[in-house]
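K.L.:
Single-letter residue listing:
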Amino acid sequence: MQGARYDTVSFLTDYGTSDEFVGVVKSVIRDLAPHATVIDLTHEIAPFDVRAGSLALARSIGYVASGVVLAVVDPGVATHRRAVAIEVAGGAGVLVGPDNGLLAPAVALAGGAERAVELTNAEYHLAAPGATFAGRDVFAPAAAHLCNGVDLYELGEPVDPGALLPGTIPLPRDEGDELITEVLWVDRFGNAQLNVGPDDLPATWGTDLQIRVSDPTDLTGSTVRRATRATSFAELAGGAIGLVVDSYGMYAIAFDQRSAADELGVAAGDQVVLTDLGDPAPVETPVRFGRQ
Amino acid sequence: MQGARYDTVSFLTDYGTSDEFVGVVKSVIRDLAPHATVIDLTHEIAPFDVRAGSLALARSIGYVASGVVLAVVDPGVATHRRAVAIEVAGGAGVLVGPDNGLLAPAVALAGGAERAVELTNAEYHLAAPGATFAGRDVFAPAAAHLCNGVDLYELGEPVDPGALLPGTIPLPRDEGDELITEVLWVDRFGNAQLNVGPDDLPATWGTDLQIRVSDPTDLTGSTVRRATRATSFAELAGGAIGLVVDSYGMYAIAFDQRSAADELGVAAGDQVVLTDLGDPAPVETPVRFGRQ
Amino acid sequence: MQGARYDTVSFLTDYGTSDEFVGVVKSVIRDLAPHATVIDLTHEIAPFDVRAGSLALARSIGYVASGVVLAVVDPGVATHRRAVAIEVAGGAGVLVGPDNGLLAPAVALAGGAERAVELTNAEYHLAAPGATFAGRDVFAPAAAHLCNGVDLYELGEPVDPGALLPGTIPLPRDEGDELITEVLWVDRFGNAQLNVGPDDLPATWGTDLQIRVSDPTDLTGSTVRRATRATSFAELAGGAIGLVVDSYGMYAIAFDQRSAADELGVAAGDQVVLTDLGDPAPVETPVRFGRQ
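Chains as they are written, first to last, in the numbering used here: chain F, 37 to 328; chain G, 37 to 328; chain U, 37 to 328.
You may find that some hints are simply not true.
[As the list claims (entries may be wrong)] With beta-carbon atoms standing in for the labels, derived distance ranges: (1) Gly-148/U to Ile-205/G: 49 to 59 Å; (2) Glu-193/F to Asp-43/U: 33 to 43 Å; (3) His-116/U to Thr-259/F: 52 to 62 Å; (4) Thr-267/U to Leu-201/G: 50 to 60 Å; (5) His-116/U to Gly-314/F: 26 to 36 Å.
If you're looking for bench data, these hints aren't it; they were derived computationally from the structure. Treat the numbers as computed from the prediction; the structure is a model and nothing was measured. For every residue, glycine included, the Cβ atom is placed at its ideal position computed from N, Cα and C.
The task is simple: from the sequences and hints, build the whole structure.
P.N.:
Printed below as a string of structure tokens:
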């Protein structure tokens, strides 16, 4: 009765690729909805790191093809978190995963939840030989059946979209002359994305900023560096430290072809304090008096 | 003359993904059978670990879409092991790979080998510029031609299905009050699957078991812990150690959101001894006499 | 107006798979050219290692399906390197990527550049919210539009194919009795491919060669071993060291089921000196005189 409705499943997990988990989930989708193509976003989210997963999904959501987004980072699989499917953008997309905040930032960026269900209808689950493997037994079949045209409300009980668990992306804090920011993400190349975009900096601040990174395990010290604001990586020649507006529109601490994160010793979740240093001074010739 | 027969190739190897091996094999399949979709199960089997590969394939086989299964873990590529294709389930599936035990457990789970050939027909091989890269030059073309409708017996000499090399999955051993088991698999989350299912434990055993892990490099000690049998991870709240019936129907040693394998120091192949501890005692208030 | 022209994009980068970069690029292609299938060659080229990327691409190019090859290893993204598309083989293939030598060996193996453009036409780019992510915003749309039948010359300004940056694959050097070679690649199994094929060795040399590996960090020593030339890994029984003609037609230092690279301490880029040792001597029974 139903025609194929979606033909793309965009897929993100913390499953890694050493085990066959990702392959088995894709096999289930292939079996139930052979017309659908699965696009892997990433499966290397650190185990149980819901925040990192939600951020990767938020960075991706503007680019995924319309269809189903299947995301599983699920430390609460053993507890009573709900398995949900959330329709967005007039039905152009459905996000499927645990209701633990993982999907929330992406849902918000896609315009907000319009309809939502808890995946309670066991007719659309696979029977497990033992404990439920939610990705394989609940989420993958839901994604496949949605691709096949099954209506969202067939998959389970309606859920009030306003009652879905929100995500928790930290906002920067203004403390006098300082802006307290946080590293959201360190990418493979060592760029450290902050939770600050160009509009979040005071308009009076100049081109040069001080960045201060405190090592929480070393109370005696912190790393302080001068960084120059840049609108592209192309301006970072010659080993300068930059606060570059990255390809997602956020400031990232970046070094020219080296890992900023390694040099500064920062990781996702670390605090970075920004202070205005005004505009760069004209180059001065140092003049020295007396003995050196 | 032949129509497309299969449109899915499920693919498992020990090639890793750092080199282009997996991509080249897929390119060969794409070139010869463009209608076929390749589903990666995993390529991170440890190099030459036939047992681990055969177990991952056995865990997957119940879920793969009908079609071709291409599996290559091949320490004997340099020796005279045979390259084979094995038909199962009335032709619903064909497993392609080396005849070294890798395919055997999956073949058995799929109902047993019905027809088999050695891939000796060089017309269906690629010519290599040097040494044969079996995945690229022999197995991938075989998989692709099978997808295109080439009959199994065109690919080479028939092989007696009963003469295929069997797999070697260890069985648990009953030794008086003890059950000697083995860790089959440690997954990304640290759950340690044993070669024991619920039907393998004596019916008289209670809910609580003792698990004893011997460190073969340390003759002086072994780790002994109390574990509770559980039918799902959901029962494992509060840091308890569980013997959970995992999503494949086998017992796995599992900790709540921590790696059981790390905590106990176990890896695939290690021995674990189980002993009955009866049912949990009622909670007692300890009463102590005398000096502490 | 245009019909689908290519339906395969073969994809190689240094993006890794921990971040969602690969998935986002694929999402862009999926969105713009839903009929195209993306085949991952590898994404684990070391960050910014153009040479390693160009070699992996060269090893793959003979096997990729006709269509678009999208390759991005791009340390110069911040500088004024050009983004290009290069047509080869009478239009059977187009290589898309940075003009930094990455594509050059593959282009040469595919018969040479026939038409080339710089990807300057912004109508075929995505608008970035910040800095340009070239893979997502420039290269992926170019690949997708080529698949959709857009003509190469619509994507930007024509470039003289002779002005494209060449690759830099080192040639072996003949120094008297010695042949100075270089390790091109160490694969997952530890085989160390040299920049020497069977035709590069003097015809007078025998079956046995001396291989000398100098440790550049240890001036006092070098590792010297006897190796036997072999035309396949099958001849390497019993722990012998072989110089095997590998599956790409080049000599590789190989050990039977062990990592030659680990045993000899060599990595890509290291120098290996080959010297003739003639043919193996007949087996001699050692005779010893006097006290040992």
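K.L.:
Next, verify each hint and record whether it holds.
P.N.:
Taking the hints in turn, this is what the structure says about them:
Hint check: Gly-148/U to Ile-205/G, Cβ distance near 54 Å, so the stated range 49 to 59 Å holds. For the hinted restraint 33 to 43 Å between Glu-193/F and Asp-43/U, the CB-CB distance of approximately 42 Å keeps it satisfied. The hinted window of 52 to 62 Å between His-116/U and Thr-259/F is violated, with their beta carbons roughly 32 Å apart. The beta-carbon spacing between Thr-267/U and Leu-201/G, approximately 27 Å, falls outside the hinted interval of 50 to 60 Å.
As the Cβ distance of His-116/U to Gly-314/F is approximately 30 Å, the hint placing it in 26 to 36 Å holds.
Consistency note: the structure conflicts with the earlier hints numbered 3 and 4.
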